[in-house]
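Asker: What follows is each chain in one-letter form.
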Amino acid sequence: MMRELYTQIIMDHYRSPRNRGELAGAEVEEHLLNPLCGDEITVYANFQDGKATEVKFEGRGCSISQASASMMTEKLLGKNREEAEAEIERFKTMMVGEEKFPETEDLAALRGVIQYPSRIKCATLAWDAFRRGLGGKE
Amino acid sequence: MYDVEKVRKDFPILERRVSEKRLVYLDNAATSQKPRRVLDALSEYYEVHNANIHRAVHRLAEEATAAYEEAREKVASFLGAPDVRSLVFTRGTTESTNLVAYAWGRKNLREGDEVVLTETEHHSNLVPWQLAARATGAKLRFIPILEDGTLDMEEAERLIGSRTKLVACIHASNVLGTINPIEELAELAHGVGALMLVDGAQSAPHMPVDVGASGCDFFACSGHKMLGPTGVGVLWGKPEVLEEMDPFLSGGEMIREVHLDHATWNDLPYKFEAGTMNIAQAIGLGAAIDYLNYVGMENIREHERRLGEYAYEKIREVEGGTVYGPEKGRTGLVSFSLPDVHPHDLSQILDEAGIAIRSGNHCAQPLMRRLGVAATSRASLYLYNTEEEVDALVGALEHAREFFGACSP
Numbered sequence: 001m002m003r004e005l006y007t008q009i010i011m012d013h014y015r016s017p018r019n020r021g022e023l024a025g026a027e028v029e030e031h032l033l034n035p036l037c038g039d040e041i042t043v044y045a046n047f048q049d050g051k052a053t054e055v056k057f058e059g060r061g062c063s064i065s066q067a068s069a070s071m072m073t074e075k076l077l078g079k080n081r082e083e084a085e086a087e088i089e090r091f092k093t094m095m096v097g098e099e100k101f102p103e104t105e106d107l108a109a110l111r112g113v114i115q116y117p118s119r120i121k122c123a124t125l126a127w128d129a130f131r132r133g134l135g136g137k138e
Numbered sequence: 139m140y141d142v143e144k145v146r147k148d149f150p151i152l153e154r155r156v157s158e159k160r161l162v163y164l165d166n167a168a169t170s171q172k173p174r175r176v177l178d179a180l181s182e183y184y185e186v187h188n189a190n191i192h193r194a195v196h197r198l199a200e201e202a203t204a205a206y207e208e209a210r211e212k213v214a215s216f217l218g219a220p221d222v223r224s225l226v227f228t229r230g231t232t233e234s235t236n237l238v239a240y241a242w243g244r245k246n247l248r249e250g251d252e253v254v255l256t257e258t259e260h261h262s263n264l265v266p267w268q269l270a271a272r273a274t275g276a277k278l279r280f281i282p283i284l285e286d287g288t289l290d291m292e293e294a295e296r297l298i299g300s301r302t303k304l305v306a307c308i309h310a311s312n313v314l315g316t317i318n319p320i321e322e323l324a325e326l327a328h329g330v331g332a333l334m335l336v337d338g339a340q341s342a343p344h345m346p347v348d349v350g351a352s353g354c355d356f357f358a359c360s361g362h363k364m365l366g367p368t369g370v371g372v373l374w375g376k377p378e379v380l381e382e383m384d385p386f387l388s389g390g391e392m393i394r395e396v397h398l399d400h401a402t403w404n405d406l407p408y409k410f411e412a413g414t415m416n417i418a419q420a421i422g423l424g425a426a427i428d429y430l431n432y433v434g435m436e437n438i439r440e441h442e443r444r445l446g447e448y449a450y451e452k453i454r455e456v457e458g459g460t461v462y463g464p465e466k467g468r469t470g471l472v473s474f475s476l477p478d479v480h481p482h483d484l485s486q487i488l489d490e491a492g493i494a495i496r497s498g499n500h501c502a503q504p505l506m507r508r509l510g511v512a513a514t515s516r517a518s519l520y521l522y523n524t525e526e527e528v529d530a531l532v533g534a535l536e537h538a539r540e541f542f543g544a545c546s547p
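As they're listed, the protein sequences go chains A and B. The numbers in the first sequence follow the working numbering, run straight up by one, and end at 138. The numbers in the second sequence follow the working numbering, run straight up by one, and end at 547.
Derived from the structure by calculation, the hints contain no laboratory data. What you are looking at is a predicted structure, and each value in this text was computed from that prediction instead of being measured. It cannot be assumed that every hint is accurate.
Facing chain B, from chain A, some residues (calculated, C-beta under 7 Å) [unchecked claim]:
{"hint": "1", "residue": "C37"}
{"hint": "2", "residue": "G38"}
{"hint": "3", "residue": "T42"}
{"hint": "4", "residue": "C62"}
Backbone N, C-alpha and C fix where the C-beta goes; we use that ideal spot for every residue, glycine too.
Full structure from sequences and hints, please.
Answerer: Shown next as structure tokens:
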């Protein structure tokens, strides 16, 4: 059971997060707190010619929230604003079980989280922050 | 000799299995499990006596009223309340503190007055006072804690002064397990003409309490944390103080005479019991008190003191483990953190082992900030927990540390 949730991919992103760190003066900078558990995250992005050339995050939280943030930075790199919004929407839909996870991507490792409703907010924290940073809906 | 196995047999839920393991329930500070006799009291009430109280003249109403008032007497005697009239049933500790903040606070606090609280308050004894302060212009002051989690009493002496109108304090911390010196604080409060409110949510279930001897003016606690049902709690207040207060909630039952443009109030405690109360739950709480008395509060305290110190020591021995609060003079709850394991991840891993603990800020965000953590894990023990269960917890902590351990840089 536990290994279904804490898959190798999640543990790998948790232990060696991609694109972790501050991006001072970034075009997009958004901080979000999960008041239920005190987890917090800040996401950053810079765009060039309309595409995200840098996406970073920092914060503290559980393995699910940190791994999901790390995966998000990889997913959104190179996307323009509309594409990024669409990816976030698609991820949120996956996390409520209404869309399939892409089998070939790291994101599929988060599938196990759906079984634990109290943890879904952990997985979506960074994505919600990024969407807010883009000026989109919550 | 305290026979914990005999006690366990009285709690049906402890037979339950979680993740194919026997349930190890260590979240008692959130809510306690219920013994058979409380469950029986609830169903007997609904099957045999159910009626509204204090109103009708028929057999069921007489029986329901008698059972409800008998429960009040049981709780009053359990808390050492000298006068049963000043024992008010509420929905829980939160409603009790709100009752005082509205019915006493709004009437008596003025601009320039001060309410002295502590840094360790549960939100339920903090936010009601923030609102009361906002409504009246009074100011809040906070007694800090020392490094070991105990109150800085020198600072308390300095803070409690001529402007102080109320000192309000948790009796036992739901995070640190500290037991606060409420008698000393009550003396300081009375020395400057202030009143003393004690939030006993984490003390009344676990140790003998004597509100008369403690010197406090208000004492609040919750039924569901002391083997009773949810939805019922208690506010005890000195009768002369309660008499002077305005009502809190208003409507049926709390009145004496009602005209279209005004009304007069019922006697204590009914002045504060508006509408149909949680009758079955109050009777269930009475049954819980019977059970606590049958086991003996001194015995329960001694069992938890011993087991709490054992847990504190064992968890501290886990590599890298940090435990919060003082080593001695504590209740049977231990807050802790492990270096590479987030409290949420830990709760999840323990759940797989059938172990229920709490992780988060424990409704004490200011205290979390003071401790410099976003969240902690908390194992809270009660009369039915055993040394084997603490060992199971510690074993699972070791396992979690190994699983997440490689994260450290």
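Asker: Which constraints among the numbered hints does this structure fail? Numbers only, ascending.
Answerer: Those not satisfied come down to hint 3.
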